[in-house]
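Asker: The chain contents come next:
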Amino acid sequence: MLELKNIKKYFNAGTVDQVTLFDNFDFTVNSGEFISVIGSNGSGKTTLLNLICGSIAPDAGNIIFEGKDITLLDEYRRAKFIGRVYQDPKMGTCPDLTIIENMALADNKGKNFGLSPAVNKKRIEYYKELTSQCGMGLENRMNVKVGALSGGQRQALALVIAQMTDIKLLILDEHTAALDPKTSENIMKLTDKMIREKGITTLMVTHNLRFAVEYGSRLIMMHEGKCITDISGKEKEKLSIDDLLGKFYEISIEKGN
Amino acid sequence: MLEFLGSLDVILQDGFMYAIIAMGYYISYTILDFPDLTVEGTVLSGGVAFGLLVTAGVNPWLAMIAAFLVGFIFGAITGILHVKLKIRPLLCGILVSTALISVNLITTVVGMGGNLAGDGALSTIDVGRSVPTLIRTFPATLLPTDFFGINPRKIISFFIIAVIFKIILDVYLKTKNGLLLRAAGNNPQFVTMLAKNEGRSKILGLAIGNGYAAVSGALIAQSRGNINQGMGIGMIVIGLASLIIGLSVFGRVRFMKPTTMVILGSIIYQACLGFATFLGVPSAYNKIIMAVLFTLALVLSGKLKTKRGKINA
Numbered sequence: 001m002l003e004l005k006n007i008k009k010y011f012n013a014g015t016v017d018q019v020t021l022f023d024n025f026d027f028t029v030n031s032g033e034f035i036s037v038i039g040s041n042g043s044g045k046t047t048l049l050n051l052i053c054g055s056i057a058p059d060a061g062n063i064i065f066e067g068k069d070i071t072l073l074d075e076y077r078r079a080k081f082i083g084r085v086y087q088d089p090k091m092g093t094c095p096d097l098t099i100i101e102n103m104a105l106a107d108n109k110g111k112n113f114g115l116s117p118a119v120n121k122k123r124i125e126y127y128k129e130l131t132s133q134c135g136m137g138l139e140n141r142m143n144v145k146v147g148a149l150s151g152g153q154r155q156a157l158a159l160v161i162a163q164m165t166d167i168k169l170l171i172l173d174e175h176t177a178a179l180d181p182k183t184s185e186n187i188m189k190l191t192d193k194m195i196r197e198k199g200i201t202t203l204m205v206t207h208n209l210r211f212a213v214e215y216g217s218r219l220i221m222m223h224e225g226k227c228i229t230d231i232s233g234k235e236k237e238k239l240s241i242d243d244l245l246g247k248f249y250e251i252s253i254e255k256g257n
Numbered sequence: 001m002l003e004f005l006g007s008l009d010v011i012l013q014d015g016f017m018y019a020i021i022a023m024g025y026y027i028s029y030t031i032l033d034f035p036d037l038t039v040e041g042t043v044l045s046g047g048v049a050f051g052l053l054v055t056a057g058v059n060p061w062l063a064m065i066a067a068f069l070v071g072f073i074f075g076a077i078t079g080i081l082h083v084k085l086k087i088r089p090l091l092c093g094i095l096v097s098t099a100l101i102s103v104n105l106i107t108t109v110v111g112m113g114g115n116l117a118g119d120g121a122l123s124t125i126d127v128g129r130s131v132p133t134l135i136r137t138f139p140a141t142l143l144p145t146d147f148f149g150i151n152p153r154k155i156i157s158f159f160i161i162a163v164i165f166k167i168i169l170d171v172y173l174k175t176k177n178g179l180l181l182r183a184a185g186n187n188p189q190f191v192t193m194l195a196k197n198e199g200r201s202k203i204l205g206l207a208i209g210n211g212y213a214a215v216s217g218a219l220i221a222q223s224r225g226n227i228n229q230g231m232g233i234g235m236i237v238i239g240l241a242s243l244i245i246g247l248s249v250f251g252r253v254r255f256m257k258p259t260t261m262v263i264l265g266s267i268i269y270q271a272c273l274g275f276a277t278f279l280g281v282p283s284a285y286n287k288i289i290m291a292v293l294f295t296l297a298l299v300l301s302g303k304l305k306t307k308r309g310k311i312n313a
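Protein sequence lines, in the order shown, are assigned to chains E and G.
Residue 207 in my numbering is what sits at position 207 of the first sequence, and the numbering runs on without skipping anything.
Residue 106 in my numbering is what sits at position 106 of the second sequence, and the numbering runs on without skipping anything.
Derived by calculation from the structure, the hints in this document are not laboratory data.
If you're wondering where the values come from, they're calculated on a predicted model, not measured in any experiment.
Accuracy of the hints is not assured; some may be wrong.
With a Cα cut of at most 20 angstroms, we get these calculated EDC-like pairs of lysine to aspartate or glutamate [stated by the list, open to error]:
#, chain 1, residue 1, chain 2, residue 2
1, E, K189, E, E33
2, E, K145, G, D170
3, G, K257, E, D96
4, G, K84, E, E75
5, E, K121, G, D170
6, G, K174, E, D96
7, G, K86, E, D74
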């Protein structure tokens, strides 16, 4: 469903510090996949997500989504079919608006933001139902400003909000990294449950090797702008954390560390 | 006593008419976090548009709507400079308000039938007794103009207009579009994720804010009886100080709408200025007092915030 073809991406282009991150990078996401992306810092994980979402543009190459070339499509236009949850829980919600107001906005995604009342009272029950699946008691705090919630609660809400309307691709950008171990575990379970229920194609960047092994149908490891490992199916099911750690050491030795 | 009532008269009139600028700043400064300097120009533009139309015989309510639209357009230009050309907020305001100095002067002189090459003697528009402004037409004419030294007609008319604009803003902020504007100020990335262009929300917010400033300009023109080219000076400070005083004094009052806080803030600010006049401070000191009051408002609102922060921590 999503194809990156011959992508080139440079940083500090035209200066002596020019760094080539992607050089003819190819990557394909198939419909229904839940892909975990791992890799060390600077390997190109976040740049990959930013290219897909349109936060940055490639220097060359094409991004094809369901047969359409979206390489030059604005980020906000891509948001119609792409949902994203960031590492920072603050990014996915508006702190000064209540849970209901945040959800009412998300509920209207893709439609016209005109002069009709923002909150439709008939939908509030539905919002409560959606938040109750987080198991954090958010459904009893619907009129609380989101800024007053904890990081975990905000991230759970961001996750619900990201997929309130029918999106085709969900991007998770280290979305559990800023949370404590217990909360991070809960959010990951919630994520998995939601993805399974809706069957959304997902791309998740994580530094948590256990999450990468336990969840998802495909795993890729990035290194210096290349996919050096791409495992799916039966092979993915058999994969252990030790296998992955072994890979990481191999890379380190190659680099002479 | 009469002297006191006289001061009260001015305080309420000015409080209500400047409250509309402050409500405009509630959108640009509080919601969008954009210190908009365009206001100095758009207040005068609103006055000029209103004055020219009313002297030409246009219905004063229509003239006021026209003033709003003029402010709306110039505010949108500030927004476009910022969003499309990526110019910093302060500079956008400076650029547009500088250009507006000429725009306002040219409009005035040409509108009054003067000659631009001349000495600019026609740079003032008279909206005095013979001109049918809001306060000289129905329904305001039902109210008396003198009641123990105060002018109920002006005060009540301005009060009603301020309340109308307050209610419009309150209702707007509860609509889908209004909520999107609040989101754009709060977390622009969130608006992007809603598949909306956050830049457009910003432009719209600045346009509305300046529309409000222009309406205020139309009221100032009526209150003073004329429109001169220096009318906009000091309006940024008046608007922002009223806003900040209102929000910091009443910020903790539950169930009070921010727009109500802003109107009360504007009256408090005018009361402080009125008190200085009452004490016999010459009006030449006015702008110094305004600057000092604004500084105090900024410092005090900061103090209140840190106190609250400490309690929470």
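Asker: Taking the hints in turn, state whether each one holds.
Answerer: Consistency of the hints with the structure:
no.: 1; hint: E:K189 - E:E33; result: holds, 17 angstroms
no.: 2; hint: E:K145 - G:D170; result: holds, 18 angstroms
no.: 3; hint: G:K257 - E:D96; result: holds, 14 angstroms
no.: 4; hint: G:K84 - E:E75; result: holds, 15 angstroms
no.: 5; hint: E:K121 - G:D170; result: holds, 18 angstroms
no.: 6; hint: G:K174 - E:D96; result: holds, 14 angstroms
no.: 7; hint: G:K86 - E:D74; result: holds, 17 angstroms
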